[in-house]
Amino acid sequence: MAVIVLRCTARCVLGVLQFQSACVCWRTDCLSRWFQNVSGGTAPLSKLCSPFACIEEHLENQLLALLPESDKSRWLSLLKYVDLQQGQSLYASGQSLNHVYFPMGSIVALHGVSQSGLMSELALVGREGMVGIVSFLGGGSSTSDAVVLSSGPAFRMGAQALRHEFENSTAVMSLMLRYTQALISQMAQTSLCNQYHSVEQAMSRLLLLSLDCVQSTELNMTQEVMAQILGVRRERVSQVAVRWQRSKWIQYARGHIAVPDRSALERVSCECYKAIKKEYERLLPSDWVP
1 MAVIVLRCTA
11 RCVLGVLQFQ
21 SACVCWRTDC
31 LSRWFQNVSG
41 GTAPLSKLCS
51 PFACIEEHLE
61 NQLLALLPES
71 DKSRWLSLLK
81 YVDLQQGQSL
91 YASGQSLNHV
101 YFPMGSIVAL
111 HGVSQSGLMS
121 ELALVGREGM
131 VGIVSFLGGG
141 SSTSDAVVLS
151 SGPAFRMGAQ
161 ALRHEFENST
171 AVMSLMLRYT
181 QALISQMAQT
191 SLCNQYHSVE
201 QAMSRLLLLS
211 LDCVQSTELN
221 MTQEVMAQIL
231 GVRRERVSQV
241 AVRWQRSKWI
251 QYARGHIAVP
261 DRSALERVSC
271 ECYKAIKKEY
281 ERLLPSDWVP
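Going by this note's numbering, the residue at position 244 of the sequence shown is 244; the numbering climbs one at a time, nothing skipped.
Think of the hints as simulated: they come from the structure by calculation, not from any bench.
Being a predicted model, the structure only gives us computed values, none of them experimental.
Glycine residues also receive a C-beta, built at the ideal position from the N, C-alpha and C atoms.
Incorrect hints may have been included.
Stated by the list, open to error - Cut-off 20 Å, straight-line C-alpha distance, at most; resulting in silico cross-link-like pairs (SDA-like, lysine to any residue): (1) LYS248 / LYS277; (2) LYS278 / SER151; (3) LYS277 / ARG163; (4) LYS278 / ARG178; (5) LYS80 / PRO153; (6) LYS277 / ASP212; (7) LYS80 / ARG163; (8) LYS248 / ARG233; (9) LYS274 / ALA264; (10) LYS278 / ARG262; (11) LYS248 / GLU200; (12) LYS278 / LEU177; (13) LYS278 / GLU266; (14) LYS274 / PRO290; (15) LYS80 / SER151; (16) LYS274 / ARG262; (17) LYS274 / LEU208; (18) LYS274 / GLN195.
Unchecked claim - Pairwise CB distance ranges, derived in the manner of DEER restraints: (19) GLY117 / VAL289: 42 to 48 Å; (20) VAL82 / SER286: 22 to 28 Å; (21) SER77 / ARG234: 43 to 49 Å; (22) SER141 / GLU69: 39 to 45 Å.
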């Protein structure tokens, strides 16, 4: 299904909607239906397919989907559609944040880096969350790095704009604080996992969370990147990958991983993956209301 990205700088379609520099992504079938309804008068305005509804149909970010309708309509003018590229740095430790990101098929890794260059995994962010919580927590800068782990689309918003929304919308504040709690829980569980569990268990957690981030059975991730994230030697990751490939749990070639047998990874994984997933589902259920 093709996707069209539109930029609107003035009132669109008979003045029914106003986007003001918003970059909106539509599926072509939604776009056709929306214009037909407006121009032909085939449905009342309350029944029209809204731009945000079309976004949710195709490239959903869970936090954006949970926003009340009144906040969604206001956010249309604040969000910009961007493509994140693997290896791209969104911010580094100590830097002030200018933007926050809501992934919709990309994966962003948050990690700490020592002065000597050693890396420590903190958390993964995908369609379930956002990158840049310090923008509304008041610190102004982060003590971690945020690097794109897997390329894909995202919505970008100005950090000051999100801070304003956080301070002036009870629903936005509640949603962002719930997400922050879930993210902190993931960081704590990840630290425990990397400290006490085997490379195989930590690697299975990493892959399962990554697959959840992109809602797929495939992703692009090299063994070198996995080793850096987990803080282990590449040879140890390679040994596990070879063993899994022989067991037909995964298919690996040139940084592309397919997982035909996800249940096998879930069996070998420690309790950390389920604990992280359970906490996200508890704090951010699909039927959450402010």
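Each hint, compared with the structure:
Pair hint LYS248 plus LYS277 does not hold up; C-alpha atoms about 25 Å apart against a cutoff of 20 Å. For the hint pairing LYS278 with SER151, the CA-to-CA distance comes to about 26 Å; that exceeds 20 Å, so the pair is violated. This hinted pair does not check out: LYS277 and ARG163 have alpha carbons roughly 27 Å apart, beyond 20 Å. Using a Cα cut-off of 20 Å, the hinted pair LYS278 and ARG178 holds, with the two alpha carbons roughly 14 Å apart.
Taking the CA atoms of LYS80 and PRO153, the gap is about 11 Å. The hint holds against a cut of 20 Å. Note on LYS277 and ASP212: the hinted pairing holds, with a Cα-Cα distance of about 9 Å set against a maximum of 20 Å. The straight-line distance between the Cα atoms of LYS80 and ARG163 is roughly 17 Å, inside the 20 Å bound, and the hint therefore holds. Proposed proximity of LYS248 and ARG233 is contradicted: the alpha carbons are some 23 Å apart, above 20 Å.
Straight-line distance between C-alpha atoms of LYS274 and ALA264 comes to about 14 Å, which keeps the hinted pair within the 20 Å bound. Between LYS278 and ARG262 the alpha-carbon distance is near 18 Å, which keeps this suggested pair within the 20 Å criterion. Note on LYS248 and GLU200: the hinted pairing holds, with a Cα-Cα distance of about 15 Å set against a maximum of 20 Å. Note on LYS278 and LEU177: the hinted pairing holds, with a Cα-Cα distance of about 17 Å set against a maximum of 20 Å.
For a cut-off of 20 Å, the pair hint linking LYS278 to GLU266 stands: about 14 Å separates their Cα positions. Our distance criterion of 20 Å between C-alpha atoms is broken by LYS274 and PRO290, whose separation comes to about 26 Å. Taken as a hint, the LYS80 and SER151 pair is honoured in the structure, with Cα atoms around 17 Å apart against an allowance of 20 Å. Distance restraint check for LYS274 and ARG262: the Cα-Cα separation of roughly 14 Å lies within the 20 Å cut-off, and the hinted pair is therefore satisfied.
Restraint check for LYS274 and LEU208: satisfied, since their Cα atoms lie roughly 10 Å apart, inside the 20 Å limit. Pair hint LYS274 plus GLN195 holds up; C-alpha atoms about 17 Å apart against a cutoff of 20 Å. At roughly 45 Å, the beta-carbon separation of GLY117 and VAL289 lies within the given 42 to 48 Å, and the hint holds. In this structure, VAL82 and SER286 meet the distance hint of 22 to 28 Å, their C-beta atoms being roughly 25 Å apart.
With their beta carbons about 45 Å apart, SER77 and ARG234 fall inside the hinted range of 43 to 49 Å. A beta carbon spacing of about 33 Å between SER141 and GLU69 contradicts the range 39 to 45 Å that was offered as a hint.
Of the numbered hints stated above, those contradicted by the structure are hints 1, 2, 3, 8, 14 and 22, listed in ascending order.
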